[in-house]
Amino acid sequence: MPNDCNHMNRPQRRRAGLVAVLVLAAAFAASAQDDLDALQLQAAPAAAAAAAESNLHAYVELAAGRVERRGGLSSQDGRRASLDLRYAAPLGAGWRFGLSDRLDDVHPVATGMRATTNSLREAWLGWRDAAGTWSADLGRINWRRGPAYGYNPTDYFRSGGLRAVTTLDPVTLRETRMGTGMLRVANLWAGGGATLALAPKLADGPSQGASAVDLGATNMNDRALIGVNQRLSPSVSAEGSLLLQRGTSATFGASLTALLTDSIVAYGEWSSGKSRRIDDIVLATGAPARRVQQAAVGLTWTLPTALALTLEAEYNGAGVDRAGWNAVLAGGPAAYQAYQAQIQPGQDIGSRRAWLLYATQKGLGLKQLDLTAFVRVNAVDHSRLAWAELRYHWPRFDAALQWNLASGGGSTEFGVMPYRQIVQLVGVAYF
Amino acid sequence: MPDSSFPILSEALPVRRRLVILPMALLGLGGHFGVRAAPDAQALLSASDAIRNPTQPFRVTVTLTEFAKGVQVDATTLVSYARTLESGGQFATITRFVRPPRDAGKVMLKNGSDLWFYDPGTKAAVRISPQQRLLGQASNGDVMTVNFARDYRAAIAAEETIQDGERRKRQAVKLQLAASSDDATYAAIELWLDAASHAPIKARFFADSGRLLKTAYYRRYRMELGVERPTETVIIDGIEPQSVTLVGFGEYAARNIPVSWFQRDYLPRFDAE
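Those sequence lines, one after another, are chains C and R. For the first sequence, this note's numbering begins at 1 and goes up steadily by one. For the second sequence, this note's numbering begins at 1 and goes up steadily by one.
If we strip away everything but chain R, and leave its shape as in the complex, we get (with noise of 0.2 Å):
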């Protein structure tokens, strides 16, 4: 899927080969509530994943509005598909560009540590890291589908009552998230879960240097492949609380694309339906 937490931020990098387990303290996280270890903490982010990600094979169209002190500024559509590779894995992502024109066809694939990027005009597929931006402000990552909880390791660290992206109040359940595998994007998230039905409310994505890089909210509930699912997250910059994106999900379907498609060699290949 495409992540719907979606990191906007050019930090917003895997912490391979550079993973630290933060102290809370230094992040101010949970220094309230005192983070506890719960046996079902990971249960309810691998729900939460469930929920966010389709578990079978799929296709989405992803479209990214990016707003900049309230004014629309740009508007990029994808359409994005995403397996696991392996039981139990991770997934891998093939997104092909299909507005604005002068990037329409160019097509990016994520499949682990790799990372590359088809340009249709030049012909050329460059292998790409994971801080490089290549389309405007969309991060790579932005892309990119990603469940938690095969990368980080959760413990519980709060039950409270926060606002939601409608702007209701809702009872819920924070998660304390700590980057566990060299694939994991951030070095710490908050995730907040709707008490009863786990589905994502909220998350504060941070670097290792505990900085906020980002703020999400997931709304916009509707049911998509047999689950009721966020269908729009409201991406708010750590920095720039005035630089939004919202990304929206749309046209799920079941689509299961071969492995030997998440490699190089297909992506000049990988054309419209």
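So that you can see chain C by itself, here it is in the shape it has in the complex (with noise of 0.2 Å):
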């Protein structure tokens, strides 16, 4: 590119450095009355901390909004009000006590199902000792494993977690599951650790009952979980877990995760066990367990606009497959229900094999402003979720819009759901 200061004639060269100097001195200005600007803000007192913080954590959601179903039945509105709490207060001598609940009123319902249900989420007694080293945790734990954002096959305590689908969101759906009652026991070392569970069968299967603790839903068998975290790497760090179960054979599992690039954190995680396929449970062919494979790898990626998007692969062994999917919608619509209790109350992938592509970005043009987004693909008959979320922070309150679509054949998984599209609003108090 030729350099056209060495086309001036000297007077040209002199007002092109005098105005050169000139936008330089401005900006030079602009820039420490910026300076002197800021230097004059002052904050408002803060209280401390200590007496900011609180034990006790509680939101109240109100959501309404409208629902555009299939089959050709016309539009219906529907709303919801949840209350959820957590509370965690130590008692002195390294004894701590936690308790989390939360209650959902959703109208309308599908047949047979509850408008009002409450989830015990958490009840435990902990203890640890005063170097942290060693600690013991008794009662109802959400003891949340595995990297993976959307399915999680070494989260082995899922099953059975969700008494209430109040949201899509696979991350925000996690916070209203159920804990597993259990034992734990954990020592930490410095860069790793080991956590033995104890989670015995309490019932025989879950309640139906609005108010009940529902043990059976999360206790129905005898389990004994071990884990064993390692730190391997500035980096990396990797799980190892050995799952017993009364009855069947141990399953094994596996996750890692790894800081690539500064911006690029890559994560897997992987199982191994005894399982029916979810299409021989649904459609009761007496079909037995078999050892099958279930994992899910991602990439999560932040641009510099500080848009972070997770690619996540996901495979389910046990999932069905072509065949197994028309078998179930074969089996009309109670083997459709059966299918959906299968997979939704530990959040479970149906299919075989599925894509999630998640999206998050804060400070969407303005400051208080988050987007979220994410797509469900169904890899087998290419069927599709889509959800998306506008939130906007105040100091005590969000408001939101979320948009959900479920699209495909109709055939398909996402096809056939009893919704095509939902919009609603919601508020969220924060005490």
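Relax, there's no trap hidden among the hints.
Quick list of in silico lysine-lysine cross-link-like pairs, DSS-like style, CA-CA up to 25 Å:
#, chain 1, residue 1, chain 2, residue 2
1, C, 367, R, 69
2, R, 106, C, 367
3, C, 274, C, 201
Simulated coverage check for chain C against chain R, where a stretch passes if three residues somewhere in it have a Cβ under 8 Å from a Cβ of chain R:
#, segment
4, 172-186
5, 189-195
Keep in mind the hints are simulated off the structure, nothing from the lab. The beta-carbon is built from N, C-alpha and C at its ideal position, and this holds for glycine as well.
Got two chains here, each in a separate frame; can you build the complex from them with the hints?
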């Protein structure tokens, strides 16, 4: 590229130089003024952190929206009210107590479903030594495991945890699930730790009562889980798991997370255990359990604009393939409901293979405006479930607009969902 | 410590695997003075670190107040615990969010390249990248303690009179810092220290493209843990100068939390004192 300055005569160059100096001087003056303006700002006096901290965290969430239904049915108005409580407090001498509960009231509800559901998520008593090296917890505990966003094969205590499905966002949905009754003992060392959990059978099956503690949903079998976590390098961590369940052979699991670059995190988790295929359970074929592989691998990439994109590949060896799905559909509405009942409470994927693209953008144009969105693709029949939320924050209140679209052919997983589209407004008040 | 320098931009990234020694001319830094390496520049930097950050393990309450065009738009309160895990090593930091209520109880951990975020709602401890932003405008680096001397090579660039955070004229030594480790957050930093006490007065932080990311003023010096330390940092966005964050530090206390706490598995147990 030619240097235009070379084509200027001396007076022109002098004028250009003068302009450059004036521009620089103006920029410097503006910058100095910006600094002066900033230095005049004063922060409001802050309360002491200790005084501001509360053992109780609570919020009330109200939602109202419109549901566009399939099958020639007219659109329907929907509404929901939720009360969410979390309490944890030290009792002294290393002892702690925790309680977590959620109440959901959803309208309208499908036939046979509850409008009002209470989920006692956690109730536990814990102890740890002064150094924090040893700890023990007893009660209903929500021990969440696995690094994946949408599907966690190594999250062995996820089964039966969801009593009410109030969002399709897999990340938010985890806030509503119940823990499992267990005794958990952990030992930590620098860079790693080991945990043993003993979760006994406490009931034969889930309870339908609106306010039931519902230990049968989460403790239907005797289980023991050992997990060992180790930091392998400054940017790589791994975890191994062994799950023992009464009446079946051992399940093995492993997960790994790694920081690949300043902006990319990779993760993966895998589990191998005996299980019946979902279509065999739904259709009561009597086919025996067999060893199946389940896995999820993904990358989260953060762009310079702070947009974080996660792409996740999911595989469920017990999920339905094309033939299995066709068999479920042939079983009619009852089989479809049974299929949903199999996958929803444990946040499983029903198809053999799936993809998830998950995106978050903090400060979308405005500092207090966040965008969260995802698309889940059934990789067997290529149907899609999309969800997006715009959320604006005030100090103690959030307002959100949520949109959800289930799309696909007439014989696909998301193409036969009872609704096609949902739009709703959500308000959340924090206490 | 909460890095009193407080990176506010998403580009405030470690320069891991892309270490570049920026030509000073590219940044337009030190051109008038001619950067000269000085044997005591690194010692000056260490001295200023010891003023910004206590040398012993400690806790501190950090308050971030964000302004846009002069109007307060957000406020966040955190409690931060920091210590070095090895002799001469960088700080590891665990930070718990106290306010606003929607974020209360969330925990962030930095131990070298390890960055983890724990949400008591989802019970999930998630590995995050230095660029990933989870809590509004505050970047992850905003709540981490950093000793510059470990990650940057210092040279004395000038001695000059500048305006400090209280809008007074101060005689200062200007240091030019260049990233020298994978964990360095910025490619380059200009740092002005008080000529006599070596207390930090002002800093300018640059991306590896040479772009100004932010300007910081260290002010409101007060005796904390035996040393006169800055208790407020004014952060001015390099792109949007009307976007300003005041970072206050208070309630300092010596607190020697165990090394084994600085890992993912401990985060669910990390609760209020």
